[in-house]
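Trainee: Each chain, written out:
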Amino acid sequence: DVKVTQSSRYLVKRTGEKVFLECVQDMDHENMFWYRQDPGLGLRLIYFSYDVKMKEKGDIPEGYSVSREKKERFSLILESASTNQTSMYLCASSDPGGGGSWNTEAFFGQGTRLTVV
Amino acid sequence: GEDVEQSLFLSVREGDSSVINCTYTDSSSTYLYWYKQEPGAGLQLLTYIFSNMDMKQDQRLTVLLNKKDKHLSLRIADTQTGDSAIYFCAESPGPDSWGKLQFGAGTQVVVTP
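So the protein sequences, as listed, match chains A and B. Sequential numbering from 1 applies to the first sequence in my numbering. Sequential numbering from 1 applies to the second sequence in my numbering.
Chain B on its own, in the form it takes in the complex (with noise of 0.2 Å):
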């Protein structure tokens, strides 16, 4: 399958912002999402873009797409406590792929006051 790769740990002070970036290598993947996973919880959707779209703003949360460099990031504004998590970038491969995503390992935020 394609890879997803995302750096496992990142730790930022509260009120900072945060960026967490994402490499994929599938050119054909269609939509790409950010799921956000709190402390023995199941996977939540954060927010998502369109594979023809650059930028895609919603409130907090910015998602940057560059499809040359097939590099997709997730900036959270003024992070809070709260933003603790573990954050998965998953890509959607295209009409073929029965709805399948391809997830990254995550990446481990940390909030510190």
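The following block holds chain A by itself, in its conformation from the complex (with noise of 0.2 Å):
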């Protein structure tokens, strides 16, 4: 069964943390996308990558940053976390298609719901 596994289900954190949030996949997927889910707004894409050590903005990546040393691994920071980054965060990954395919489904971990106080 594919897998992608986030590290944590709930985290609370104080403003002004640096706080991690861990993905791991175990599909060999070349992309690999990071998300915060709002009520009413949907599925917002903070920042992707598409292969080791590379990384691209999505729409709202302020405040964000990120790090994929390794294929099956992407993490996302807060480098200082604030009030209005609580949310759900979902990590997911995908192959990039080819072969004359472009089925890019995206896999999705279960969510980090992350709090800040």
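The hints are simulated quantities; they were obtained by calculation from the structure and are not laboratory data. Since no wrong hints were added, every one of them can be taken at face value.
Straight-line C-alpha distance at most 20 Å; calculated SDA-like pairs for lysine to any residue: (1) B/Lys36 x A/Arg44; (2) B/Lys36 x A/Asp38; (3) A/Lys3 x B/Leu45; (4) B/Lys36 x A/Arg113; (5) A/Lys57 x A/Pro96; (6) A/Lys3 x B/Gln44; (7) A/Lys3 x A/Asp26; (8) B/Lys36 x A/Thr5.
Restraint ranges, calculated between C-beta atoms of paired labels, are given here: (9) B/Leu8 x A/Thr86: 19 to 29 Å; (10) A/Asp26 x B/His71: 30 to 40 Å; (11) A/Pro39 x B/Asp58: 25 to 35 Å.
Some chain A residues close to chain B (C-beta under 8 Å, calculated; not the full set): (12) Asn31; (13) Gly40; (14) Gly42; (15) Phe48; (16) Ser94; (17) Glu105; (18) Phe108; (19) Gln110; (20) Gly111.
For glycine and all other residues, C-beta sits at the position ideal for the given N, C-alpha and C.
Given two chains presented individually in distinct reference frames, assemble the corresponding complex, making use of the accompanying hints.
Mentor: Written out as structure tokens, the structure is:
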């Protein structure tokens, strides 16, 4: 069974703390993504990576950074957590497609609900 | 980015059919997806349709695609209480998108007995 695993289901952090969210996939996928999910806003892309050590900004990168040192692991970093970063964070991975197929089905982790107090 | 729009809420009686609608704006979209999210969980792929198809059926699920109007729908036949969830439609904008999916805001489906 394919798997994307996020290190924590629930986290509570204080304002100003540095926060690390970890994600590991076992499908040898090249692409990995971090989204945040807020009610009524759906999923918004924070950052994505299409290869080791490569990263690209998504739609809402401010206040976040990422790290991809190994193909299977993609970390999201909140440099100085703020209350407006309280949210559900979802990690996903996918193949880039190819061979005439652009089916880029994404596989998701179970999510990390982060509360910043 | 391109917008994907869905209604936010749908209430349906157990045993009835549910229809969830979605509109998208990127005419170069190649694949369109329906994901389901149960409470407290991540997203799970339900089904997808390639842009050169009009319809796809998979057991109780029927996906209809009107490419001219950029309209996608998901019909769930004989809706059950276990179908209560948030449903997201998503588009894959094509080969230059690096596999990024553009999601709608999600439709909360509540199934009542």
